[in-house]
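Asker: Numbering follows the numbering used here, in which position 10 of the sequence shown is assigned residue number 10; successive positions increment by one, without gaps.
Since the hints were derived computationally from the structure, they do not count as laboratory data. Any given hint might turn out to be false.
[Claimed, not checked] Label pairs and their calculated CB-CB ranges:
{"no.": "1", "residue 1": "41", "residue 2": "83", "range": "27 to 35 Å"}
{"no.": "2", "residue 1": "72", "residue 2": "108", "range": "29 to 37 Å"}
{"no.": "3", "residue 1": "86", "residue 2": "45", "range": "27 to 35 Å"}
[What the hints assert, rightly or not] Distance condition first, Cα-Cα at most 16 Å in a straight line; then the derived EDC-like pairs of lysine to aspartate or glutamate:
{"no.": "4", "residue 1": "30", "residue 2": "112"}
{"no.": "5", "residue 1": "76", "residue 2": "46"}
{"no.": "6", "residue 1": "30", "residue 2": "131"}
{"no.": "7", "residue 1": "32", "residue 2": "131"}
{"no.": "8", "residue 1": "76", "residue 2": "131"}
Every residue, glycine too, gets a C-beta built ideally from N, C-alpha and C.
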Amino acid sequence: MYFFTSFLFVLLVLPGLSNAIPVILGHHGKAKVYTPSPPGQGRCAEVNNATDYVVAVSGFWLMPGNPGGNPLCGDKVDITHRITFQTVTAKLFDACMECAGGDIRLSQAAFDEIGDWSHGGVINVAWQGIDRLI
Numbered sequence: 001m002y003f004f005t006s007f008l009f010v011l012l013v014l015p016g017l018s019n020a021i022p023v024i025l026g027h028h029g030k031a032k033v034y035t036p037s038p039p040g041q042g043r044c045a046e047v048n049n050a051t052d053y054v055v056a057v058s059g060f061w062l063m064p065g066n067p068g069g070n071p072l073c074g075d076k077v078d079i080t081h082r083i084t085f086q087t088v089t090a091k092l093f094d095a096c097m098e099c100a101g102g103d104i105r106l107s108q109a110a111f112d113e114i115g116d117w118s119h120g121g122v123i124n125v126a127w128q129g130i131d132r133l134i
């Protein structure tokens with residue numbers, strides 16, 4: 001009976017939790033919109049435009065080294081709004097030197113996918129690397 005009950009739990013309950021898993025795992029922080037400076041040029045030495053889904057993480061992850069020389073540059077990151085559970089995937093593009101802990105900065109396009117301006121353009125997020133677990 002125990003095996004059958006466990007099997008039903010895995011079959012019926014766990015799939016419903018799949019949206020909650022990104023909120024539990026990974027990093028937690030606040031996300032804001034940012035524009036790389038100079039425009040289009042980030043720490044990873046790639047050019048982007050306003051419609052690209054890019055993310056800047058704490059300088060801890062992308063320092064030190066030459067711009068573009070970090071192996072994390074270009075990795076995909078899943079970012080989930082911790083209240084609405086909306087998720088967006090963005091490319092790791094830049095270092096956010098003022099970001100503390102799990103705080104991140106998103107391009108306007110990426111932010112608009114999961115956030116709104118009702119709280120001053122700041123949303124609570126959970127995020128984690130897809131290509132590597134950062």
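Asker: Given a hinted range of 27 to 35 Å, is it respected by the beta-carbon distance of residue 86 and residue 45?
Answerer: holds (30 Å)
Asker: With the threshold set at 16 Å, check whether the alpha-carbon distance from residue 32 to residue 131 stays at or below it.
Answerer: violated (23 Å)
Asker: For residue 41 and residue 83, compare the CB-CB distance with the range 27 to 35 Å and indicate the outcome.
Answerer: Check passed, 33 Å falls within 27 to 35 Å.
Asker: Need the status of pair residue 30, residue 131: alpha-carbon distance at most 16 Å?
Answerer: The hint is violated at about 22 Å.
Asker: Given the hint that residue 30 pairs with residue 112, does the C-alpha gap stay at or below 16 Å?
Answerer: holds (15 Å)
Asker: Regarding residue 72 and residue 108, is the given constraint of 29 to 37 Å on their beta-carbon distance met?
Answerer: violated (22 Å)
Asker: Hint check: residue 76 vs residue 131, CA-CA at most 16 Å. Holds or violated?
Answerer: Cα-Cα ~6 Å, so holds.
Asker: Does the structure keep residue 76 and residue 46 at a Cα separation of 16 Å or less?
Answerer: It holds: about 14 Å lies between the C-alpha atoms, which stays within 16 Å.
Going down the numbered hints, you'll see the structure goes against 2, 6, 7, while the others check out.
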